[in-house]
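These protein sequences, in sequence, are chains V and S.
Going letter by letter, the first sequence gives residues 365 to 784 in the numbering used here.
Going letter by letter, the second sequence gives residues 46 to 305 in the numbering used here.
Derived from the structure by calculation, the hints contain no laboratory data.
All C-beta atoms in this analysis are idealised placements derived from N, C-alpha and C, irrespective of residue type, glycine included.
Treat the hints with caution; some may be incorrect.
No farther apart than 25 Å at their CA atoms in a straight line, the calculated lysine-lysine pairs in the BS3-like style are these [as the list claims (entries may be wrong)]:
id, chain 1, residue 1, chain 2, residue 2
1, S, Lys-241, S, Lys-214
2, V, Lys-396, V, Lys-385
3, V, Lys-401, V, Lys-729
4, V, Lys-663, S, Lys-54
5, S, Lys-133, S, Lys-214
6, V, Lys-753, V, Lys-684
7, V, Lys-401, V, Lys-385
8, V, Lys-402, V, Lys-684
9, V, Lys-537, S, Lys-196
10, S, Lys-214, V, Lys-537
11, V, Lys-729, V, Lys-591
12, S, Lys-133, V, Lys-537
Computed footprint of chain S on chain V; a stretch qualifies when at least three of its residues, placed anywhere within it, have a C-beta under 8 Å from a C-beta of chain S [what the hints assert, rightly or not]:
id, stretch
13, 493-505
14, 646-654
Label pairs and their calculated CB-CB ranges [unchecked claim]:
id, chain 1, residue 1, chain 2, residue 2, range
15, S, Asp-206, V, Pro-750, 52 to 58 Å
16, V, Thr-682, S, Ala-81, 41 to 47 Å
17, V, Arg-766, S, Leu-218, 39 to 45 Å
18, S, Asp-206, V, Pro-469, 46 to 52 Å
19, S, Phe-213, V, Thr-419, 43 to 49 Å
20, S, Glu-172, V, Glu-627, 55 to 61 Å
21, V, Tyr-377, S, Pro-174, 52 to 58 Å
22, S, Asp-206, V, Glu-595, 45 to 51 Å
23, V, Asp-513, S, Ala-153, 43 to 49 Å
24, S, Ala-81, V, Gln-409, 35 to 41 Å
25, S, Glu-211, V, Gly-605, 35 to 41 Å
26, V, Thr-682, S, Glu-211, 30 to 36 Å
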Amino acid sequence: MRFTWFNLMPWPYLPDDFREKNRSVWVDIPSKLYDPKKGHFVYHQYMDQLEYAETLGFDGIGCNEHHQNGYGLMPSPNLIAAGLARRTSRAAICVIGNSIAGYNPPIRVAEEFAMLDVISGGRLVAGFPVGTPMDTNFCYGQIPALTRDKYKEAHDLIMKAWAEDEPFAFDGKYNQLRWVNCWPKPIQQPHPPIYIPGGGSIETWDFCLDYDYNYSYLSFYGYLRGKSLLEGYWDRVAKRGKDDSPYRAAFAQIICVADTDAEAEELYAEHCLYFFNRCLHVFPPFADPPGYRTVNTIKYGALSQLRLEAQKLMANLTWKQLVDERFIIAGSPETVRQQLEECITGLRIGHLFCLLHTGNMPDWKTRHSTKLFAEKVMPHLRNLWPTFKDDHRWWIQPMEDRLHPEEMQPGAEKPGQEWR
Amino acid sequence: MKSRTIETKKGTRCRVLEAGSGVPLVFFHGAGGLLADNPFLDQLAARYQVFAPELPGYGESSGEELLEDMLDFTLHGWDVVSALGLTKPHLVGHSMGGMIVAEMAAIAPSDLARLVLVDAAGLWIEEHPIPDIFALLPDQLVELLFQDAVKGQALLTGGVDFSDMEAFKEFYLGQQRRLAMAGKILFPIPNRRVSKRLYRVTAPTLILWGQADRLIVPAYAQRWASLIPNAVVELVPDAGHMLPYEQPQALVGAVSRFLG
C-alpha cells in the first residue's frame with residue numbers, strides 16, 4: 365500500500381460570510397480576497413509541509429492544478445513540484461496533474477514533466493486530468509463538447525513526443541506542429557507512471573484501461589460515496605479482462621488524526637467545516653456546462669440538480685455528519701486505522717492520496733495529524749495487499765545514484781571557485 | 046406544420062418543419078431550438094413556403110458529431126438548403142441561427158434572396174459583453190431571454206411539469222444536448238469573426254431586434270448594420286431576446302414588409 369501526502373493548497377483567509385456574500389469559490393471568486401503578501405507565507409508553509417511529509421516516510425508528495433479557485437492555489441503545479449524536487453530526494457513527486465486540454469501547445473507539458481523527472485532523478489508521477497469544467501471550460505475557454513477530443517489529442521501528442529527519438533510532424537485537429545522534438549526527455553522509461561484523475565466520467569475508465577494507466581478518483585465526499593463509482597470501474601476492469609491489481613486505482617481522502625476521537629473534533633472541526641462550507645461553495649452551473657459530460661455519464665450519475673442539493677447540504681454540515689457519513693476519516697489512530705482499512709479494501713485501492721491539511725488548518729495541527737498518521741496509522745496499513753507487493757507497474761523508478769539536493773548546503777562546494 | 050426528415054450530403058439527419066407556398070423562406074432557430082409552438086412560423090406560412098430545419102443535436106435531428114466548428118455549421122446550412130432542393134431562398138435566423146445565416150450569406154452571397162437577422166449572435170462589443178448563457182441558473186436564463194419572464198417560463202418549458210422527475214430528466218438531457226451543440230460556436234464567447242466576412246454580403250438585409258433584449262442588447266443591431274453593406278434596422282417594442290415568441294405578429298409584419 366502506498367501513501368501520498370497531498371496538499372490542495374486552500375486559501376486560508378476566506379471570510380466567515382464568504383458563502384453569503386459570494387456565489388462561487390471558483391471561476392469568479394473576487395480576486396481582492398487574495399493578499400499576495402500573506403500568500404508568500406502560505407506557499408512556503410504548504411511546501412514545507414510537503415517536504416516534512418517526505419521525512420516522515422510518505423511514499424509520495426502531491427500537488428494539482430486549479431485556476432481561479434479559493435481552495436487551490438496552484439495554477440501551475442509544476443512550479444511547486446520544481447521547488448519540491450530541489451528539497452527532497454526520496455518521495456515520488458505526484459503532479460495530479462496538468463489539465464492538458466487547456467495547454468497550447470500541449471508539448472509544453474511533455475517538456476515540463478520531462479524537466480521535473482530529470483531534476484528529481486526520475487521521481488515524477490505524471491497526472492493527466494481532462495480538467496474540471498471550472499478550470500478547463502470556464503477559466504481556460506475550451507469548448508465543453510470538444511474538451512474530451514482535445515484532451516485525447518493532447519495525450520497522444522505528449523506520449524508520442526516522449527517515445528519518439530526522431531523529430532516528427534504532428535497534424536492534429538487542435539495542434540499542428542511541424543517539428544516535434546521533446547528536449548529534454550524523462551528519465552523514467554518508457555515514461556513516468558501515468559495517473560488519470562477522474563471526477564466520475566465513465567469514459568475515463570476505458571481510457572485508463574486502454575493504456576493501463578492508474579485511475580485516481582479524487583472525491584471530497586469520502587469512501588462511502590466513492591464506492592459505487594469504483595465498483596463501476598472494477599466491473600469494467602473485469603469486463604476488459606485486465607488483472608485486478610489494486611495499484612490500478614487511487615483515491616483521495618480527508619484524514620484527521622489526534623490522540624483521541626474527542627481531541628480530533630476539538631482540533632480539526634472548524635478547519636474541516638471551513639473546507640466544506642466555504643471552499644466547496646461552487647456556483648452549480650460552473651460545474652456542469654452542457655457538453656462536458658456525455659449523455660452516458662449524466663445517465664449513470666446524478667443530475668445536476670443533485671449537485672444543487674449537495675450545495676445545500678454543504679451549508680449546514682456538522683462535524684458529526686462529516687464523521688458519521690465518512691466524508692472525512694477522523695479520530696484516534698485506531699479509529700482512523702479501522703476506517704481506512706475499510707476504505708482501502710472496500711474500494712480496492714493500492715494508493716491513497718492523504719489530505720492531511722484541510723481548509724484553514726494551521727501548520728502545527730497539520731504536522732500533529734501528519735506525524736500521528738505516519739507513526740501510528742500508516743505502518744499498520746502497509747501490508748494490506750500482500751499478493752501484489754511486487755507490483756510496481758504504477759510506481760516510480762528513480763535513478764539509483766541521484767543527487768540529494770536537500771542535504772547540500774548552498775556554497776558548501778564553493779561554486780564558482782573554478783572560474784577564478 | 047408538417048414535418049419530415051432530410052439527410053444532408055455530409056450524413057446528418059435533420060427534421061424539417063414545413064408549411065405554406067410561395068417564395069421559399071428558411072428559418073434557422075436559436076440555441077434553445079424550436080419550441081413546442083412556433084406561431085410566427087405558422088403565420089409566415091400564409092405568405093411564404095416556410096422551412097424550419099432543426100440543427101443536429103436538437104430534437105430528432107442527429108449527426109451532431111459531424112459538425113464541430115463555424116465552417117461546418119455554415120456549410121451544413123447550405124447542405125440543408127440543397128437537400129430541400131431550394132434555389133435562392135430568403136434566409137431568416139434568430140439568435141444563434143442569425144449567426145449561421147450571416148455566415149451563409151457571407152460565404153455564398155449569390156445563393157440567397159434576402160437576409161433577416163433577428164436578435165442575432167455572432168458579434169462582440171467590448172462595452173456590451175453578452176452574459177454567459179452557459180453559466181446561468183434556469184430562472185436567470187428566463188430573465189435574460191424574455192421581456193415577460195412569467196410567460197417566458199411557460200413558453201420555454203412547453204408546459205412540462207418539473208415536479209415529475211422523468212419529465213424533468215428528459216427536458217434536462219435535451220437541454221444539455223442542445224447547448225452542447227450550440228457551445229461549439231457560442232462558447233466561451235459567441236464570436237467566430239463573421240465581422241471580417243460581412244463585407245461580402247450582397248443580399249438586402251433586415252436587422253430586427255427586440256427593444257428590451259437583455260441578452261444581446263440593441264447596440265448590436267447597429268453594429269450589424271454598420272458591417273453589412275445593404276442593411277436596415279427595425280426595433281420591435283415590448284420584445285426581449287425571444288422576439289419571435291414574444292411578438293410574433295410584429296415579426297411577421299416586419300418580415301413581410303421587407304421581403305414583399
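Okay, the hints, checked on the actual structure:
no.: 1; hint: S:Lys-241 x S:Lys-214; in the structure: violated (41 Å)
no.: 2; hint: V:Lys-396 x V:Lys-385; in the structure: holds (13 Å)
no.: 3; hint: V:Lys-401 x V:Lys-729; in the structure: holds (23 Å)
no.: 4; hint: V:Lys-663 x S:Lys-54; in the structure: violated (32 Å)
no.: 5; hint: S:Lys-133 x S:Lys-214; in the structure: violated (41 Å)
no.: 6; hint: V:Lys-753 x V:Lys-684; in the structure: violated (36 Å)
no.: 7; hint: V:Lys-401 x V:Lys-385; in the structure: holds (24 Å)
no.: 8; hint: V:Lys-402 x V:Lys-684; in the structure: violated (32 Å)
no.: 9; hint: V:Lys-537 x S:Lys-196; in the structure: violated (44 Å)
no.: 10; hint: S:Lys-214 x V:Lys-537; in the structure: violated (34 Å)
no.: 11; hint: V:Lys-729 x V:Lys-591; in the structure: violated (29 Å)
no.: 12; hint: S:Lys-133 x V:Lys-537; in the structure: violated (34 Å)
no.: 13; hint: 493-505; in the structure: holds (count 3)
no.: 14; hint: 646-654; in the structure: holds (count 6)
no.: 15; hint: S:Asp-206 x V:Pro-750: 52 to 58 Å; in the structure: holds (57 Å)
no.: 16; hint: V:Thr-682 x S:Ala-81: 41 to 47 Å; in the structure: holds (45 Å)
no.: 17; hint: V:Arg-766 x S:Leu-218: 39 to 45 Å; in the structure: violated (52 Å)
no.: 18; hint: S:Asp-206 x V:Pro-469: 46 to 52 Å; in the structure: holds (49 Å)
no.: 19; hint: S:Phe-213 x V:Thr-419: 43 to 49 Å; in the structure: violated (53 Å)
no.: 20; hint: S:Glu-172 x V:Glu-627: 55 to 61 Å; in the structure: holds (58 Å)
no.: 21; hint: V:Tyr-377 x S:Pro-174: 52 to 58 Å; in the structure: violated (30 Å)
no.: 22; hint: S:Asp-206 x V:Glu-595: 45 to 51 Å; in the structure: violated (34 Å)
no.: 23; hint: V:Asp-513 x S:Ala-153: 43 to 49 Å; in the structure: violated (28 Å)
no.: 24; hint: S:Ala-81 x V:Gln-409: 35 to 41 Å; in the structure: violated (58 Å)
no.: 25; hint: S:Glu-211 x V:Gly-605: 35 to 41 Å; in the structure: holds (36 Å)
no.: 26; hint: V:Thr-682 x S:Glu-211: 30 to 36 Å; in the structure: holds (34 Å)
Violated hints, in rising order: 1, 4, 5, 6, 8, 9, 10, 11, 12, 17, 19, 21, 22, 23, 24; the structure is consistent with all others.
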